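Chain order of the listed sequences is A and B.
According to the numbering used here, the first sequence is numbered sequentially starting from 3.
According to the numbering used here, the second sequence is numbered sequentially starting from 607.
You may find that some hints are simply not true.
[To be verified] Below, a list of computed lysine-lysine pairs in the DSS-like style, where the Cα atoms sit at most 27 angstroms apart:
1. B:Lys798 to A:Lys117
2. B:Lys798 to A:Lys79
3. A:Lys178 to A:Lys206
4. A:Lys218 to A:Lys19
5. A:Lys33 to A:Lys119
6. A:Lys19 to B:Lys639
[Stated by the list, open to error] Distance windows between CB atoms, simulated:
7. A:Lys119 to B:Trp662: 44 to 54 angstroms
8. A:Gly91 to B:Gln767: 51 to 61 angstroms
9. A:Glu126 to B:Thr769: 19 to 29 angstroms
10. B:Pro700 to A:Phe21: 16 to 26 angstroms
11. B:Pro676 to A:Val220: 53 to 63 angstroms
[To be verified] Partial selection, computed: residues in chain B whose CB lies under 10 angstroms from chain A:
12. Leu764
13. Gln767
14. Tyr770
15. Ser779
16. Asp780
17. Ala784
18. Ala785
19. Leu787
20. Met788
21. Gly789
22. Val790
23. Asn791
24. Thr792
25. Asn794
26. Ala797
Since the hints were derived computationally from the structure, they do not count as laboratory data.
The structure displayed is predicted, hence computed values, not measured ones.
Even glycine gets a Cβ: it sits at the ideal position worked out from N, Cα and C.
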Amino acid sequence: MAEVLALRVFDLDAHYKDFQALWAVSLDVKKGEVVSIIGANGSGKSTLLNTISGLLTPTRGTIEFFGQEIGDLVPHKTVAEGISLVPEGRRVFTRLTVNENLVMGSYVPRSRPNKNKSLKDIHELFPVLKARQNQMADTLSGGEQQMLAIGRALMSEPKLILCDEISLGLAPMIIKDIYKRLMQINAEGLTIVLVEQDIRRSLKAANHAYVMLEGKVVLEGEPSSLTEDEVKKAYFGL
Amino acid sequence: MEDFAQPIVNGILLGGLYAIIAIGMSTMFGIVKLVNLAHGDLMILGSFLSLSLGTWMGIGPLWTLLLVVPIMYFVGFFVQGFLLNRVLGKEMEPPLLVAFGVSIILQNLLLMIYTPDARSLMTDLAVKTIPITSYLNIPVIYLLDALIGVAVITILYLLFQRTYLGRAIRAASDDEVAARLMGVNTRNIYAKAMGIAMMSAGVAGVLVGMTFTFYPHTGPQYLIIAFGVVVIGGLGSMKGTLAGGLILALSQLLGAQIFGPGYQLFCGYVVLLIVLAVRPQGIFGTV
Ligand SMILES: Nc1ncnc2c1ncn2[C@@H]1O[C@H](COP(=O)(O)OP(=O)(O)OP(=O)(O)O)[C@@H](O)[C@H]1O
Ligand SMILES: [Mg+2]
Chain A
3 MAEVLALRVF DLDAHYKDFQ ALWAVSLDVK KGEVVSIIGA NGSGKSTLLN
53 TISGLLTPTR GTIEFFGQEI GDLVPHKTVA EGISLVPEGR RVFTRLTVNE
103 NLVMGSYVPR SRPNKNKSLK DIHELFPVLK ARQNQMADTL SGGEQQMLAI
153 GRALMSEPKL ILCDEISLGL APMIIKDIYK RLMQINAEGL TIVLVEQDIR
203 RSLKAANHAY VMLEGKVVLE GEPSSLTEDE VKKAYFGL
Chain B
607 MEDFAQPIVN GILLGGLYAI IAIGMSTMFG IVKLVNLAHG DLMILGSFLS
657 LSLGTWMGIG PLWTLLLVVP IMYFVGFFVQ GFLLNRVLGK EMEPPLLVAF
707 GVSIILQNLL LMIYTPDARS LMTDLAVKTI PITSYLNIPV IYLLDALIGV
757 AVITILYLLF QRTYLGRAIR AASDDEVAAR LMGVNTRNIY AKAMGIAMMS
807 AGVAGVLVGM TFTFYPHTGP QYLIIAFGVV VIGGLGSMKG TLAGGLILAL
857 SQLLGAQIFG PGYQLFCGYV VLLIVLAVRP QGIFGTV
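Working from the sequences, and respecting the hints, build out all of it.
Here it is in structure tokens:
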């Protein structure tokens, strides 16, 4: 079977005012894959994900999603196309209940009719969210909030989910649990991009990995083909 | 006791009117942190709209609601979408100034069109009362104000709790970026929220016009009432707005009964100050 490209980022630049945060970044994500992006603080990982989802408009280059150019789309358009971002720092709606948060995930017209089914699926995936469904989101623990952020992103029935540092600040047990669920939905066909600082875990999960440094992709390949030494050098820019 | 029965009943009923005057402003503050200085003037615009439509079409004030409310939605949508959204950002001052500008423009526009004369929306209800005892009557117009006020606030509550639009408004006020990531066009949502706030202000304007006289310059007076209600009740809760309206109206009318009519406004402000000193976040406020 020919491999379908879910996402093709080509020659992408992005700026914050005069500051250039991305330099000619190119990256391919095949349908059904898990792709990891790793890099030190400030290497541009979040900027890349934010640019793909439309929070930031690229200053050069193209972003194609299943062959369609989406570089200049605003976030509410990219969600409608099927890209969901789990943002850095979770950003759950603190003054909404857990279920209201999830229902907000199905806001795009395409996914509203399937709201109840999606809700049931998420409750199965993360049973704790069902147990806490009527609680305000800010009463959840950090791990539960991360599950909520992921569940909320899944409610729009995306084709591609971008996860920005979902393991940050969580206990290893919880991280393991969340990754297990993610791999489960990946097995069901969802394409996943993982941004992490934790090199080992994200390389283990990925089919393909990219290492970023100072706004550029400095190394890429299948995790099995990359030596630890190589990765470390790229990561720290030695 | 007989002396106090009437002001208490009137105060309770007037509280419902105060609440509907304030609800739109409280809502917009909760959503975009906007202190809408034009809120009172926009409400009075509703009164004048009703006046013109009523005279022109020969219908009673309550019937004009069918037109005033949708027109006010578009006024609100326009004010937010084309004026306030442009200056929305990190700081609070620019939107404040724009709202102030809208307030001045509206007052002078109304003055130009309608002259400074006192107006009121004529209705038979204004003079009707329901006698309860020899010393207690329920003014029908106050009763109507209270019932419509509570009904509108209940509808708003349901809208905010049960609909995608309402949840999107709350979500956007909680975390704008996250709301955009859910597919919410937040700018559009703010304009719709202001539209809804102005629908409630339109209803308030018609009720105020039926109950009291109004002039092109009456707006700020109601802005202050709205402020009082919000400060007393606390921001962002419908319960708080109702309670705030009730407390402000009651303290005004009871104050007038005890100290004389000249002290009506004064007593309202005293209670306001007490709440500010004791519980600055308002009675139902959270922050
Ligand atoms: N809103 C912003 N305004 C200006 N500069 C920014 C902004 N956000 C990020 N930057 C800068 O862009 C660069 C890349 O930041 P980015 O957040 O993409 O890094 P990151 O790889 O996600 O880092 P971390 O691992 O700490 O999350 C950094 O130098 C950062 O200071
Ligand atoms: Mg980051």
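We went through each hint and held it up to the structure:
For the hint pairing lysine 798 (chain B) with lysine 117 (chain A), the CA-to-CA distance comes to about 23 angstroms; that is within 27 angstroms, so the pair holds. For the proposed pair lysine 798 (chain B) and lysine 79 (chain A), the alpha carbon gap of about 19 angstroms is at most 27 angstroms, so the pair holds. Our distance criterion of 27 angstroms between C-alpha atoms is met by lysine 178 (chain A) and lysine 206 (chain A), whose separation comes to about 12 angstroms. Restraint check: the Cα-Cα separation between lysine 218 (chain A) and lysine 19 (chain A) comes to about 18 angstroms, which is no more than 27 angstroms; the hinted pair holds.
Note on lysine 33 (chain A) and lysine 119 (chain A): the hinted pairing holds, with a Cα-Cα distance of about 24 angstroms set against a maximum of 27 angstroms. For the proposed pair lysine 19 (chain A) and lysine 639 (chain B), the alpha carbon gap of about 26 angstroms is at most 27 angstroms, so the pair holds. At roughly 52 angstroms, the beta-carbon separation of lysine 119 (chain A) and tryptophan 662 (chain B) lies within the given 44 to 54 angstroms, and the hint holds. Taking the beta carbon of each, glycine 91 (chain A) and glutamine 767 (chain B) are about 27 angstroms apart, not inside 51 to 61 angstroms as hinted.
Distance hint for glutamate 126 (chain A) and threonine 769 (chain B): a CB-CB separation of about 26 angstroms, consistent with the stated range 19 to 29 angstroms. A hinted range of 16 to 26 angstroms for the beta carbons of proline 700 (chain B) and phenylalanine 21 (chain A) is consistent with their spacing of about 25 angstroms. Checked against the hint of 53 to 63 angstroms, the C-beta distance between proline 676 (chain B) and valine 220 (chain A) comes to roughly 58 angstroms, which is consistent with it. The restraint placing leucine 764 (chain B) at the interface with chain A is violated, with a minimum CB-CB distance near 14 angstroms, outside the 10 angstroms limit.
With its C-beta approaching chain A no nearer than about 9 angstroms, glutamine 767 (chain B) sits inside the 10 angstroms limit, and its interface hint holds. Annotation: interface hint on tyrosine 770 (chain B) holds; nearest CB of chain A at approximately 6 angstroms, less than 10 angstroms. The beta carbon of serine 779 (chain B) comes within 8 angstroms of a beta carbon in chain A, closer than 10 angstroms, and the hint placing it at the interface holds. At a threshold of 10 angstroms, the smallest CB-CB gap from aspartate 780 (chain B) to chain A is about 4 angstroms, leaving the interface hint in force.
At about 4 angstroms, the closest approach between the beta carbon of alanine 784 (chain B) and any beta carbon in chain A falls short of 10 angstroms, and the interface hint on this residue holds. For the restraint placing alanine 785 (chain B) at the interface with chain A, the shortest Cβ-Cβ distance is roughly 7 angstroms, inside the 10 angstroms limit, so the hint holds. Taking 10 angstroms as the C-beta contact cut-off toward chain A, the hint placing leucine 787 (chain B) at the interface holds, the least distance being around 5 angstroms. With a least beta-carbon distance of about 5 angstroms to chain A, the hint placing methionine 788 (chain B) at the interface is held under the 10 angstroms criterion.
For the restraint placing glycine 789 (chain B) at the interface with chain A, the shortest Cβ-Cβ distance is roughly 4 angstroms, inside the 10 angstroms limit, so the hint holds. Taking 10 angstroms as the C-beta contact cut-off toward chain A, the hint placing valine 790 (chain B) at the interface holds, the least distance being around 6 angstroms. Given the 10 angstroms rule on beta carbons, the hint for asparagine 791 (chain B) holds: about 5 angstroms separates it from the nearest Cβ of chain A. Of the supplied interface hints, the one on threonine 792 (chain B) holds, with its beta-carbon coming within about 8 angstroms of a beta-carbon of chain A, less than 10 angstroms.
Interface restraint check: asparagine 794 (chain B) against chain A, minimum CB-CB distance 9 angstroms, threshold 10 angstroms, status holds. With a least beta-carbon distance of about 14 angstroms to chain A, the hint placing alanine 797 (chain B) at the interface is violated under the 10 angstroms criterion.
Consistency note: the structure conflicts with the earlier hints numbered 8, 12, 26.
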